[in-house]
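Read off the chains here:
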Amino acid sequence: MAMKVISADHAVAYGAKLSRVEVVPAFPITPQTLIVELLAELINDGELDAHFMPVESEHSAMSAAIGASAAGARTFTATSSQGLALMHEMLYAVPQNRLPIVMANVNRSLGAASGIWVEYNDSMPERESGWLQVYIEDNQEALDMIIQAYRIAEDRNVMLPIMVCLDGFVLSHTVERVDLPDQNLVDSFLPKFRPLHVLDPDEPVTMNPIAPPEYAMEMRYQLDRAIEGAKSVINAVDHEYSSLTSRSYGGLIDSYHLEDAEIALLTLGTVTSTARAVVDYLRAKGKKAGLIKLRFIRPFPAEELKLFVRDLKALGVFDRSLSFNGYGPVFTEVRNALYQEGIPITNHIAGLGGRDVSFKEALEMFQVIEKNAGNEKGMVCYWHGLRGGS
Amino acid sequence: MQEKEIRTIKDLSREEFLTKGHGACPGCGVAVAVKNIARVLGKNTIIYVPASCLIVFTALYPSSAFKWPFLYTAFENTGAVISGIKAALERRGKQGVTVVGMAGDGGTFDIGLQALSGAAERNDDVLYVCLDNEAYMNTGIQRSGATPFGAWTTTSPVGKKIQGKREFKKDLDAIVAAHGVPYMATLSIAHPNDFVRKVQKAKITNGFRFLHVLCPCVPGWRSEASKTVAIARLAVETGMWTLYEIDHGVEKLTYKPRELVPVKEYLQLQGRFRHMGEDDIEKLQNWICEKWRNQFYEEVPVPPCKLEKVKKELILDEDPLHGP
Numbered sequence: 001m002a003m004k005v006i007s008a009d010h011a012v013a014y015g016a017k018l019s020r021v022e023v024v025p026a027f028p029i030t031p032q033t034l035i036v037e038l039l040a041e042l043i044n045d046g047e048l049d050a051h052f053m054p055v056e057s058e059h060s061a062m063s064a065a066i067g068a069s070a071a072g073a074r075t076f077t078a079t080s081s082q083g084l085a086l087m088h089e090m091l092y093a094v095p096q097n098r099l100p101i102v103m104a105n106v107n108r109s110l111g112a113a114s115g116i117w118v119e120y121n122d123s124m125p126e127r128e129s130g131w132l133q134v135y136i137e138d139n140q141e142a143l144d145m146i147i148q149a150y151r152i153a154e155d156r157n158v159m160l161p162i163m164v165c166l167d168g169f170v171l172s173h174t175v176e177r178v179d180l181p182d183q184n185l186v187d188s189f190l191p192k193f194r195p196l197h198v199l200d201p202d203e204p205v206t207m208n209p210i211a212p213p214e215y216a217m218e219m220r221y222q223l224d225r226a227i228e229g230a231k232s233v234i235n236a237v238d239h240e241y242s243s244l245t246s247r248s249y250g251g252l253i254d255s256y257h258l259e260d261a262e263i264a265l266l267t268l269g270t271v272t273s274t275a276r277a278v279v280d281y282l283r284a285k286g287k288k289a290g291l292i293k294l295r296f297i298r299p300f301p302a303e304e305l306k307l308f309v310r311d312l313k314a315l316g317v318f319d320r321s322l323s324f325n326g327y328g329p330v331f332t333e334v335r336n337a338l339y340q341e342g343i344p345i346t347n348h349i350a351g352l353g354g355r356d357v358s359f360k361e362a363l364e365m366f367q368v369i370e371k372n373a374g375n376e377k378g379m380v381c382y383w384h385g386l387r388g389g390s
Numbered sequence: 001m002q003e004k005e006i007r008t009i010k011d012l013s014r015e016e017f018l019t020k021g022h023g024a025c026p027g028c029g030v031a032v033a034v035k036n037i038a039r040v041l042g043k044n045t046i047i048y049v050p051a052s053c054l055i056v057f058t059a060l061y062p063s064s065a066f067k068w069p070f071l072y073t074a075f076e077n078t079g080a081v082i083s084g085i086k087a088a089l090e091r092r093g094k095q096g097v098t099v100v101g102m103a104g105d106g107g108t109f110d111i112g113l114q115a116l117s118g119a120a121e122r123n124d125d126v127l128y129v130c131l132d133n134e135a136y137m138n139t140g141i142q143r144s145g146a147t148p149f150g151a152w153t154t155t156s157p158v159g160k161k162i163q164g165k166r167e168f169k170k171d172l173d174a175i176v177a178a179h180g181v182p183y184m185a186t187l188s189i190a191h192p193n194d195f196v197r198k199v200q201k202a203k204i205t206n207g208f209r210f211l212h213v214l215c216p217c218v219p220g221w222r223s224e225a226s227k228t229v230a231i232a233r234l235a236v237e238t239g240m241w242t243l244y245e246i247d248h249g250v251e252k253l254t255y256k257p258r259e260l261v262p263v264k265e266y267l268q269l270q271g272r273f274r275h276m277g278e279d280d281i282e283k284l285q286n287w288i289c290e291k292w293r294n295q296f297y298e299e300v301p302v303p304p305c306k307l308e309k310v311k312k313e314l315i316l317d318e319d320p321l322h323g324p
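First to last, the protein sequences are chains A and B. Under this note's numbering, the residue at position 14 of the first sequence is numbered 14, and the numbers go up by one with no gaps. Under this note's numbering, the residue at position 149 of the second sequence is numbered 149, and the numbers go up by one with no gaps.
No wet-lab data here; the hints were simulated from the structure. A hint or two may mislead.
Derived contacts from chain A toward chain B, CB cut-off under 10 Å, selection only [said to hold, decoys possible]:
no. : residue
1   : Gly-72
2   : Arg-74
3   : Thr-75
4   : Asp-200
5   : Pro-201
6   : Asp-202
7   : Val-205
With a Cα cut of at most 25 Å, we get these calculated DMTMM-like pairs of lysine to aspartate or glutamate [said to hold, decoys possible]:
no. : chain 1 : residue 1 : chain 2 : residue 2
8   : B       : Lys-94    : A       : Asp-202
9   : B       : Lys-67    : A       : Asp-200
10  : B       : Lys-94    : A       : Glu-47
11  : B       : Lys-94    : A       : Glu-203
12  : B       : Lys-43    : A       : Asp-200
13  : A       : Lys-285   : A       : Glu-376
Covered, in the sense of this in silico footprint (three residues per stretch, anywhere, with C-beta under 8 Å from a C-beta of chain B), are these stretches of chain A [what the hints assert, rightly or not]:
no. : segment
14  : 21-33
15  : 45-57
None of the values given here were measured: they were computed from a predicted structure. Yeah, the Cβ is synthetic: ideal placement off N, Cα and C, and Gly gets one too.
If we strip away everything but chain A, and leave its shape as in the complex, we get (with noise of 0.2 Å):
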């Protein structure tokens, strides 16, 4: 193992460089040009045999990628914002052709009004995409999952496309020690990517043709299936990984004190770090807080969460985003899953257009959960963080 001390930006771009990719079509933004920077250096020094595509937008990125799987290479792209909206129409195309493309995606907020800091209002809206999505913590997860997504991408059970999101500028640019598995250990772990089916003149199929309604529904069904399908496999992926490396993420979900906790609050990215601080600070003070991480939103663990909610008495859940006049994303999918669980749930939104989440609203937090166990019953949604109060 080497040990480097690197953004989560260059940590996703040794990932891709340790899985192997063959072929890079890139375009920049901001915060994600670290990625395809690093991957061009890389190649043109020879340090990575791959082929590198500058190309002249996102939605040519995506087309490009589409084109390269299709045609049996190891795929990666990189984006984040502007350019993952700008990829929207291509995004369909992939998981319903079985396309293993991996793409890192660096959350940044959606104009208007515009900024270049973290936001999920980028990703969220492509959960209806088919694309399995996963939300990183700190830089060595963001390393430690691309090399994993592509075993869970190439699963022949699975083959359906991954977006690693990861928090823009507070993991992108931020320096963290990040150890690097060796080669072979990764060639053991991740083999030669062997597609299913490939564009080969010797063995012409038709890909993505016109299907009509007789066909069509069919075919989505299948592919929710194979999104269901994925659960296993990313626990799978993650438990033999940790046995290589000693690193376990959880899979799908993690927790953190959350074996006679009372009250907790789920989380994803980079908040998961502080809210472990004040779920300390507040096991301090002898109450009883835990911590659920929330890694994956497709597929999206709604078993795996009913036992981990089973003896709590109020759960928060945090949102980095918003869909207007409503909640935000996350919310709605964990009391649609808990639905019939009978635990009383607060939307709690924090931290939109990259406002810093604090521990002092991490804690106001689980304030608002601890009062709701409490059947002090007030709001479903808060805001923490506004100015002027909420």
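Chain A is fixed; fit chain B onto it per the hints.
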């Protein structure tokens, strides 16, 4: 790999890669063009088709009319997808495979121009074919950047105030040529020997290649199915369509009419121009002559539309820094 030289259509392989039983309209210029391009390109080919008539009449699940590996995804990304396919083949060490994208005029002139330009600028080793039927025919005859002046379409209708399209056809070939691509050519289904030679050249050239085929469309041009080839021929004879190629920077007219036929002859075979008055016809005729002069430095007096060679002169300004 040594390619057998194709000089005439008689040299073409009998093997078809666009098979019988596809769903194109009778007299479809696109079907004729694709069938013959396929016979030149042969077995070692992968095709990408964006949203167009071609996808609808060749790949409606569960049937397929192509014997080639085939991919479709969207409308505007032909240049990018074929670049991706080629990159993967190169990584996998697959030699000698032609990766071809066949898009319509809307998917090339308009919405697909960006991806086309990207692939041309990167000089990716792919073949881009534009099947130009001069409107969005697949969505029911709406005007595109390729639609000629005066033509009726459903979005350039013949109204009481405005009759037909008021803008001239976009010079896409000049845009592609400006990228300095290794090979590009314009094709007509009415000139089969010229057609197959150009496809053959495009096949064996390395880097980005562009073929632009005029494809008459029976329902869109309001023409008779039996007249498709005749109309394509008249397009060339009137100068509405110019047959030329640019091979590594060397520009060459590959067919030159002895005398430009008045454009009226071309217009009267098609219902889309039926409403045009003398003024508009004259405007179109002037456009043709000017286009010819700009492109080939030949003067075309209107009428009688005779081609006269003009000596290309170097124009010098009086700036001493740039003087003789």
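The hints, checked one at a time:
1. Gly-72: Result: holds, 6 Å to nearest chain B Cβ.
2. Arg-74: Interface hint status for Arg-74(A): holds (9 Å vs cutoff 10 Å).
3. Thr-75: holds (8 Å)
4. Asp-200: Result: holds, 6 Å to nearest chain B Cβ.
5. Pro-201: holds (5 Å)
6. Asp-202: holds (9 Å)
7. Val-205: Cβ of Val-205(A) sits 6 Å from chain B, so the hint holds.
8. Lys-94(B) <-> Asp-202(A): holds (11 Å)
9. Lys-67(B) <-> Asp-200(A): holds (11 Å)
10. Lys-94(B) <-> Glu-47(A): Distance ~23 Å between Lys-94(B) and Glu-47(A) Cα, so the pair holds.
11. Lys-94(B) <-> Glu-203(A): It holds: about 13 Å lies between the C-alpha atoms, which stays within 25 Å.
12. Lys-43(B) <-> Asp-200(A): Measuring from Cα to Cα gives roughly 10 Å; hence the hint holds.
13. Lys-285(A) <-> Glu-376(A): The hint holds at about 21 Å.
14. 21-33: With 3 residues in contact (Cβ-Cβ under 8 Å with chain B), the coverage given for the segment 21-33 of chain A holds.
15. 45-57: With 7 residues in contact (Cβ-Cβ under 8 Å with chain B), the coverage given for the segment 45-57 of chain A holds.
Consistency with the previously given hints is maintained throughout, with no hint failing.
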